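4 protein chains.
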Amino acid sequence: MATNRPNSGDTATLLISCPDHRGIVAEVTHFIFTYNGNILHSDQHNDDETGTFFMRIEWDLKDFSIKKDKIAQAFEAIAEKFKMEWHLEFSTRVTKMAIFVSRFDHCLWDLMTRQRSGELDAEVVCIISNHTDCQSIAEYFKVPYYHLPVSRDKKAEDEARQWEILKKHKVDLIVLARYMQILSDAFVQRYKNRIINIHHSFLPAFIGAKPYHQAYSRGVKIIGATSHYVTADLDQGPIIEQDVTRISHRDTVTDLVQKGKNLEKMVLSRAVRLHLDHKILVFGNKTVVFD
Amino acid sequence: MATNRPNSGDTATLLISCPDHRGIVAEVTHFIFTYNGNILHSDQHNDDETGTFFMRIEWDLKDFSIKKDKIAQAFEAIAEKFKMEWHLEFSTRVTKMAIFVSRFDHCLWDLMTRQRSGELDAEVVCIISNHTDCQSIAEYFKVPYYHLPVSRDKKAEDEARQWEILKKHKVDLIVLARYMQILSDAFVQRYKNRIINIHHSFLPAFIGAKPYHQAYSRGVKIIGATSHYVTADLDQGPIIEQDVTRISHRDTVTDLVQKGKNLEKMVLSRAVRLHLDHKILVFGNKTVVFD
Amino acid sequence: MATNRPNSGDTATLLISCPDHRGIVAEVTHFIFTYNGNILHSDQHNDDETGTFFMRIEWDLKDFSIKKDKIAQAFEAIAEKFKMEWHLEFSTRVTKMAIFVSRFDHCLWDLMTRQRSGELDAEVVCIISNHTDCQSIAEYFKVPYYHLPVSRDKKAEDEARQWEILKKHKVDLIVLARYMQILSDAFVQRYKNRIINIHHSFLPAFIGAKPYHQAYSRGVKIIGATSHYVTADLDQGPIIEQDVTRISHRDTVTDLVQKGKNLEKMVLSRAVRLHLDHKILVFGNKTVVFD
Amino acid sequence: MATNRPNSGDTATLLISCPDHRGIVAEVTHFIFTYNGNILHSDQHNDDETGTFFMRIEWDLKDFSIKKDKIAQAFEAIAEKFKMEWHLEFSTRVTKMAIFVSRFDHCLWDLMTRQRSGELDAEVVCIISNHTDCQSIAEYFKVPYYHLPVSRDKKAEDEARQWEILKKHKVDLIVLARYMQILSDAFVQRYKNRIINIHHSFLPAFIGAKPYHQAYSRGVKIIGATSHYVTADLDQGPIIEQDVTRISHRDTVTDLVQKGKNLEKMVLSRAVRLHLDHKILVFGNKTVVFD
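Same order as they appear, the protein sequences are chains U, Z, C and R. Heads up: the first sequence begins at 203 in our numbering, then just goes up one per residue. Heads up: the second sequence begins at 203 in our numbering, then just goes up one per residue. Heads up: the third sequence begins at 203 in our numbering, then just goes up one per residue. Heads up: the fourth sequence begins at 203 in our numbering, then just goes up one per residue.
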């Protein structure tokens, strides 16, 4: 298993969303202060349209007087009072990540070298592919590689095998690194807001197949890439990150593909990193990203 | 009439498109050399898909031995041989530009101050608007301002009046600086590839009305603006220039509108400048931009 | 006087810097909550190198139970406890801004049209120039224009006259919109962290005169602009905002100047807006920008 | 040896610089046309300051009636007439590239995966390092790895050994992929305009050691990376490519280093690709980049 984590200290992070209400920040910060926690980062957002309050607060656990496994319980009263949806994350708990890949290897290389250099706070516990092309990369990084061919008429069966592997490795997060296969609704539901995809266009432009061909044909002057959580609707999930690059009439479809690969790598790795650092809150079909 | 031109010397520019064929560049450059022209800029492009050749070549007329009004005639033989579509433009002939505007004034201010500073090689011969809001700007810059209210049921009549004004001022180029009104097909046809619009989204995403609302609702992380030639199909014409800017969950629709205004100004003025400098060739629904 | 303010409600903003200490956030938010304030924005930062804590917190005054003119007094105890340097700003108090300009008018146009459209929450109370070129712009926007020629040998006298005008108009903020004159240390000291300059390079590259010529001569592929608070050391003050644009070997110095003008406008207006919205904290020679 | 070349057909490319003179383009294109060559790309530039003309012209050799090894000879007359400095390059001749690396491996990974995917038209014939850290990467890609420790007092000896290896592998181009060692003038002179370095700042800002620390200390809002040909003067050689990324007060030096790694990879690989595709002409201390 590939493990190489940045030294991020021993911290707790609360991710909160709830109906907006006077006094939330005061109570949450008072809670942390009362038990001797030192706030390292605090960010909040009010969505005026829906009257929703969002908060991310991270504090140092060094002198915190509640033990890790009792913090959630202690916080429960405040959470109930304000009708919060909330998560509590610890920096010492490393996210177990599975990478799904097809034949294109650029995003896989990019994720693995970033993980290796300590940029991504995760263990890559397995790589799953419908092809064998990327096997040697897995071997180099000493990550188990599962070659699972898929076919349209046996989707349920194929996914059952994938499911076994994910269970075996206790996978927290699935990254589709140009996997190019559509997952079933049931599968997606099990990993709600925990499957990150990279789509090779500036969504919502050029949804679906062959976006670079679509972009070429429309004659756009800029192309993009979009990383989003996977939902039942193709390329419609909550957008985490996007980026673009300039093209010209000189660029063929092949050039777009090549320029796009740079975008895909950048955008996917940024989105994965934001997820691993617990900086994303999903609401409706949008994201709040506390970067 | 507002006139303030950059000193661009006395040059001729040929814009050529034709079926690709060996020897075109050699003959065109030989033609210029034979008559003692000094080539200042030359750019070419082959579209492999359609087998089309594009060229823009600009030369100094100082010692050129053919008079301006005889150059086209002299070039005709080469043009016919290679079945060229071509234009001949002279730097000494200033483009007469009309600006159509509604109530938003940011693009009008931007175009007028750039024209005044010599950045845009054009005369602004008139401003046409369905509102009176921008009248004082026209007065400041001493440009005739025509207030022509429009109504859905009298479109033909309204356009007839616009047409009179354009004829009177011998308008070469129409710039829709957030005009917000749809022109009839007949009107568009008369000014084919000579009407430039700014659409406040990254086309083809968010076609039609209220693109900033659409962008907000989809939760994109980047917004854009697109400048294109107007065709009969709304927001579907050949794209000249695009640009984008980053947004976040903190940005309300009002913020998007404000950030977008910066984009609109930049993108529209760049597109207008490329047109004025004779750097754009349209083919099919795309542009070749020799910048 | 040109006044056209965005509707930003009735809010108070605290800007705080102090030695980092447990419990600051808890106490500040508790203070606001106690008196029935609703927090709209809260941002904080810890500078680990110097152990300094920074905070910007803005709350709605609608139901706040302390009157505006008593808030500072009420907050004093907390401020003293944590040894804070702090400001209290009210959204209803409009900043009085003076613009200094020389012959280049692009930044002046840009600031005035943005102010007019409600993008900048300020009154432009006067324009001061050592030339008459921009007088008609001031007239259009109905802002008093003072033509004050300057000469090296009478600097003290010249500044005394400027000083009179600033006093008369109760100026809060001076914006040097390509003013091109160096202010004396005494003058700068009186408006510490309240004079914003735009330098036409990507500082610290190309300090001093003719930065576009320097950039051309070095053969860089990107040029920039930098907005900073003015200090006694030329082009060395705390940087507020920077931006860049790509150039190529085709760009002459004249092209750099023109591309640079776009940058200068964008960067200066963003910096001014951040200042007007009370989003900047200066520490040492750096800024914390809570955008 | 790692070889995986994009299919770029069989073409010849002429790179020309000479005193500007009427008729150069006509003669060069006539030469190609006479011998039945089809021009694929042609780009030119006039440097008005020095009166120098630059040209890059690439043509298809399919039906060209002069054999490859006779083209130079045939062109000689034109070259002499116009006093040209010129190179003739063939797409079928693959550049032999050596990569020098120290302990940081991100640029090496990036170059190797791009070369492997066909993005870089080169053979990586050897990797030379003063450390052993990157040995396993070389093994994975099956490229000879030479571990050559260096010391200040034996520079000549160290370089002699490097020189042997370069000779043995017939190296055309040296890429310093964060090599962090200064090469002697004699060494640099032997590979004039054939050593590409990546400097981790936006030159000319932050020359020399620890540029990210310098950037942090100055409080800039944007950091950059610069790729340039190595000359005798440290970080002063002709700039090929630069790029930048935005930072904020939240970024520590460690964050700058990480954000900078992305820039370094992008900028270095673009510069190397431009060199491999024969798109760079050096004049004085600047480059003409025909991209």
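No lab work stands behind these hints: they were computed from the structure. One should not assume that every hint holds.
Because identical chains share one entry, a pair is satisfied inside a single copy or across any pair of copies.
[As the list claims (entries may be wrong)] Here are the computed lysine to aspartate or glutamate pairs in the EDC-like style, where the Cα-Cα straight-line distance is at most 20 Å:
1) K481 - D493
2) K463 - D445
3) K481 - D457
4) K481 - D245
5) K488 - D453
6) K298 - D323
7) K461 - D445
8) K264 - D493
9) K372 - D222
Computed from a predicted structure; not experimentally measured.
To see whether the hints hold, each was checked on the structure:
1. Within a single copy, K481 and D493 get their C-alpha atoms as close as 6 Å, and across copies as close as 18 Å, so both meet the 20 Å cut-off.
2. Taking identical chains as interchangeable, the C-alpha atoms of K463 and D445 lie at most 20 Å apart whether they share a chain (12 Å) or sit on different chains (18 Å).
3. Taking the shortest alpha-carbon separations for K481 and D457, only the inter-copy value of 16 Å comes in at or below 20 Å, while the best intra-copy value is 34 Å.
4. Taking CA atoms no more than 20 Å apart as the test, K481 paired with D245 passes in both settings, with 10 Å inside one copy and 15 Å between copies.
5. In the homo-oligomer, the alpha carbons of K488 and D453 lie at most 20 Å apart only across protomers (13 Å), although the nearest pairing inside one protomer, at 33 Å, exceeds that limit.
6. In the homo-oligomer, the alpha carbons of K298 and D323 lie at most 20 Å apart inside one protomer (9 Å), although the nearest pairing across protomers, at 37 Å, exceeds that limit.
7. In this assembly of identical chains, K461 and D445 lie within 20 Å of each other by CA distance both inside one copy and across copies; the values are 12 Å within and 15 Å between.
8. Within a single copy, K264 and D493 get their C-alpha atoms no closer than 24 Å, and across copies no closer than 30 Å, so neither meets the 20 Å cut-off.
9. Proximity of K372 to D222 under the C-alpha cut-off of 20 Å is found in neither arrangement, the shortest distances being 35 Å within a copy and 40 Å between copies.
Hint compliance for this structure: hints 8, 9 are broken, all remaining hints hold.
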